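Whenever a hint applies, use it, and build me the whole structure from the sequences.
2 protein chains.
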Amino acid sequence: MRGLNVIKVGGALVEDAEALGTFLDGFASVPGPKILVHGGGRSATAMASRLGLETRMVGGRRVTDEDMLSVVTMVYGGLVNKGVVSALQARGIKALGLCGADLGCIIAHRRPPVMKDGELVDYGFAGDVDKVDAGAFEVLLEQGIVPVVAPLTFDGKGGLLNTNADTMASEVAAACQASRLTFCFEKAGVLSDPEDESSAIDVITPDSFERLKADGTVSGGMVPKLENAFAAISRGVGEVAITSAFNLSGGTVIREK
Amino acid sequence: MRGLNVIKVGGALVEDAEALGTFLDGFASVPGPKILVHGGGRSATAMASRLGLETRMVGGRRVTDEDMLSVVTMVYGGLVNKGVVSALQARGIKALGLCGADLGCIIAHRRPPVMKDGELVDYGFAGDVDKVDAGAFEVLLEQGIVPVVAPLTFDGKGGLLNTNADTMASEVAAACQASRLTFCFEKAGVLSDPEDESSAIDVITPDSFERLKADGTVSGGMVPKLENAFAAISRGVGEVAITSAFNLSGGTVIREK
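Protein chains in written order, with the numbering used here: chain R, 1 to 257; chain P, 1 to 257.
The set of hints was computed from the structure by calculation and includes no laboratory data. Any given hint could be a false lead.
Below, a list of computed lysine-lysine pairs in the DSS-like style, where the Cα atoms sit at most 30 Å apart [what the hints assert, rightly or not]: (1) R/Lys225 / R/Lys257; (2) R/Lys94 / P/Lys94; (3) P/Lys34 / R/Lys157.
Given the structure is predicted, the values throughout are model-derived calculations rather than measurements.
Here it is, written out as structure tokens:
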């Protein structure tokens with residue numbers, strides 16, 4: 001959809017009412033059709049702990065047994081989602097909270113157990129996305145509605161699954177052929193000097209990515225993040241931005257050319 | 001809206017997966033545009049208790065402090081709502097979960113403290129409905145979407161409020177000029193003999209209501225229930241049914257004439 005912005009904001013921000021408010025002021029002022037995808041992992045971990053449930057992460061992903069699925073359904077689909085929707089409505093945005101089960105808009109399958117460091121890991125009710133119903137989003141966007149998406153997918157058979165919010169955002173952006181996919185980040189962008197917040201690189205292309213990897217400017221967790229950004233572009237997303245939650249039009253833009 | 005059915009189902013049913021499934025089979029087969037309003041009070045009380053929070057009810061209404069508001073937001077807006085939406089999607093229904101904040105569809109104000117039995121009672125974040133945006137529901141219904149409404153309203157300023165699900169159903173039905181408003185109930189309908197489940201009265205009109213009160217057939221909590229039904233009719237709802245969750249087309253029908 002021409003002009004569509006898909007913006008992903010993480011769990012740390014949605015927990016801090018003041019920071020969330022500042023981000024949502026910026027989000028509200030983004031022109032044109034837009035979709036917000038939010039996380040909520042920290043809140044889910046805190047709620048699980050209050051309920052006496054232990055959170056187990058493997059490779060940065062939550063192991064989701066039946067009790068944990070109830071927790072993420074409550075926290076992502078209820079507490080966080082409705083809080084964000086309320087805050088956007090108060091800013092004059094026609095927000096509508098959704099998860100993958102609503103309208104059956106994001107179908108996934110349960111991830112099969114995988115070998116990890118010599119151990120068979122069953123992530124439980126973790127969903128790998130099969131299909132995003134772009135038409136369902138477009139019908140809403142055409143009505144001036146701003147979908148607010150919680151990171152829960154639907155197995156098509158009556159069950160919810162827990163899916164990473166970055167993945168949700170990429171899949172929604174690709175299916176809806178978004179003009180721009182923005183990942184909010186705790187830094188100003190991809191920094192050429194990690195100590196200097198003013199050193200965000202404006203644009204990264206496949207060519208410059210290779211150079212930045214070769215000279216060590218980009219390393220560690222930033223490499224898969226950028227690889228994911230290029231993957232989204234190869235699926236039809238116009239550009240991907242990695243930027244501060246408080247500067248949505250700035251940061252680093254990843255483009256084909 | 002011509003042919004619109006608004007159906008309210010309570011918290012006891014939504015907790016029992018098998019009973020809920022049977023009810024949803026029946027709900028799925030109701031023809032034409034329809035809206036489901038659900039409760040969830042028992043689940044909220046159970047979750048509050050697991051979190052060490054005490055539930056205080058006054059006159060059958062929950063006192064909702066800030067912690068309890070988080071619990072009902074999680075339980076009604078997340079756990080129960082997304083569970084019902086998933087189960088309906090699995091039955092081929094284009095279900096969409098909503099609360100009053102979504103699209104700003106149900107606006108309420110915080111109920112002021114009231115005198116009750118000589119004591120000033122502050123219900124906290126309890127909402128009395130001001131306005132239902134019928135247009136928001138109609139846009140969805142016209143797309144073949146079935147709204148599934150959690151009993152949370154919106155204060156218009158970024159806050160959620162806890163509202164009784166029966167009230168939500170009546171307000172939505174009146175605003176949308178529903179043809180029929182159905183309250184699911186643990187009995188077959190309004191019984192002429194409380195010991196005989198086959199004694200449901202088919203139709204109650206204002207005239208027969210007076211006779212049933214006078215001869216003692218209808219008494220206690222059924223009187224305000226029926227008064228509420230007549231109030232909905234006086235606001236333009238076609239008819240109100242009080243029936244078993246497993247027999248949506250049966251039970252007792254309350255009509256003007």
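Checked hints:
1. R/Lys225 / R/Lys257: holds, 18 Å
2. R/Lys94 / P/Lys94: OK: R/Lys94 and P/Lys94 at ~21 Å, within 30 Å.
3. P/Lys34 / R/Lys157: With a Cα-Cα distance of about 22 Å, the restraint between P/Lys34 and R/Lys157 holds, given a limit of 30 Å.
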